[in-house]
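Protein chains: 2
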Amino acid sequence: MTSVGALYLVPAPLDFGCTPATPLADVMPQATLAVAARLQHWICENAKTTRAYLKRVGEVVPLAQPVQALQLQELPREVHKKGDHGGGGTPVFDARPLLAPALQGHDIGLVSEAGMPAVADPGSSVVQAAHALGLPVIPLVGPVSLLLALAASGLNGQNFAFVGYVPQEATERARRLRELEALALKTGQTQLFIETPYRNAALLNALLTTLQPGTRLAVSSGLTLANAQVRSQSVSTWRQSGKAVTVGDLPAVFAIGR
Amino acid sequence: MTSVGALYLVPAPLDFGCTPATPLADVMPQATLAVAARLQHWICENAKTTRAYLKRVGEVVPLAQPVQALQLQELPREVHKKGDHGGGGTPVFDARPLLAPALQGHDIGLVSEAGMPAVADPGSSVVQAAHALGLPVIPLVGPVSLLLALAASGLNGQNFAFVGYVPQEATERARRLRELEALALKTGQTQLFIETPYRNAALLNALLTTLQPGTRLAVSSGLTLANAQVRSQSVSTWRQSGKAVTVGDLPAVFAIGR
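If you read the sequences in order, they're chains C and W. If you read the first sequence in the working numbering, its first letter stands for residue 1371, the second for the next number, and so on. If you read the second sequence in the working numbering, its first letter stands for residue 1371, the second for the next number, and so on.
One or more hints might be untrue.
Some chain C residues close to chain W (C-beta under 8 Å, calculated; not the full set) [said to hold, decoys possible]: (1) His1501; (2) Ala1521; (3) Ser1602.
A short, non-exhaustive set of chain W residues, derived as facing chain C with CB atoms under 8 Å [claimed, not checked]: (4) Ala1395; (5) Gly1512; (6) Val1533; (7) Thr1594.
Everything labelled a hint here was simulated from the structure, so no lab data went into it. Just so it is clear, CB atoms sit at the ideal spot from N, CA and C, and this is done for glycine as well.
Construct all of the structure, not just a fragment, from the sequences and the given hints.
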């Protein structure tokens, strides 16, 4: 009888596409790197960038196998485009076939392009399939931009929601921002959301024209990077800063609260 | 001219009150431990347990000062009891006086009893005060039970909320659980909540009698500990497991979704 392998959720640093790269020891516990270095089987968003990440891991903890010998399976395109839950709560595909190596006794790593897999990132359908197959699921510690941003915001961290992306179209976006603001002001529940980095400035502009003066707005960008920035203040204070207000094109997390 | 100090958000391991203790290198990046080892000024929930934690840090990275020489300030009791926001969104006290050392150029560490300060734990009023004073706020990477639990649940991680504790009184609790379930089923937003560990079993029982059979329920307990457990399945499957269903008195995170 072969015992089954486990599914390890392996975080990645938050410097994807950013330079300079973050030293891995700054953001990853030694034990996380040790697991990443010994796994041969992986499920990932992109095999090429995953190999590059594991090469970096190998510079800290020697890999059990050379990168070329690792078995990498990519998540299907529909998950990249629509998320595991297609905007709803039900996985868009059956990930069980990807977990076949675990049924033969091999541990498998699940990794995304940045941060924790399955949190604001693809992967939850794989985790759900692992539970369906009765595999142990073991999340490893690493950086999670949402939570770093929430802690650094000074907004209510005892009741909060992450709602993903807001609409791109201006009218629709303003409506959604007002809806999130109303919820935050009424319930005290901090509302977190993200944007594709090149649209950060447009979103900040929309926030400053849409929100009420007394609402608190926090913007964190480039967390864990050398040029990380956290700014948290009332909308009226943001407005007074005028031209001095900038948000670069680093990955950013936006939060509103009271 | 003295430049101001920064406020570092320093995570703590998740083994508070649990044995055996987790080796710090399993859950903390080296850089987080290095910052913790050099800070002299701290704001914490409890000075005694914070000294014990920093002693453990010192076994990995030598402390810049002996533990006895560290300056520890405790958060006021009202924050312990009611949270920084008193259940709402507005801090219950002005934390600026605690940050006086930073105005004299000293870096300060903010730490809670377990996990990330200011996330499902006290501290956000201190962070908000730091922003009011114009101090840099620097969140460090470490374990966050909520996010580990969310990733390990396989539930939707692209839209989720953490709502803190549910009511203890049975009728009130059932009402609240049905409300959270309705929200999760309608919007696809995963709903996360916690309970005081000795009430875990009562909460699980309430969930299994209250929720609809098709709702997915995930329970993670003791994450990052040697006896960690993650179970995620439909309520009907939970019910079929009958007496085999147990949840110990380790810190646990509950999540419901569709």
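Do the hints match the structure? See the list:
1. His1501: Result: holds, 4 Å to nearest chain W Cβ.
2. Ala1521: holds (5 Å)
3. Ser1602: holds (4 Å)
4. Ala1395: It holds, given that the least Cβ distance between Ala1395(W) and chain C is near 4 Å, below 8 Å.
5. Gly1512: holds (7 Å)
6. Val1533: With a closest approach of 6 Å, the Val1533(W) hint holds.
7. Thr1594: Hint on Thr1594(W): holds, closest Cβ of chain C at ~7 Å, below 8 Å.
Every hint, counting from the list given before, is met by this structure.
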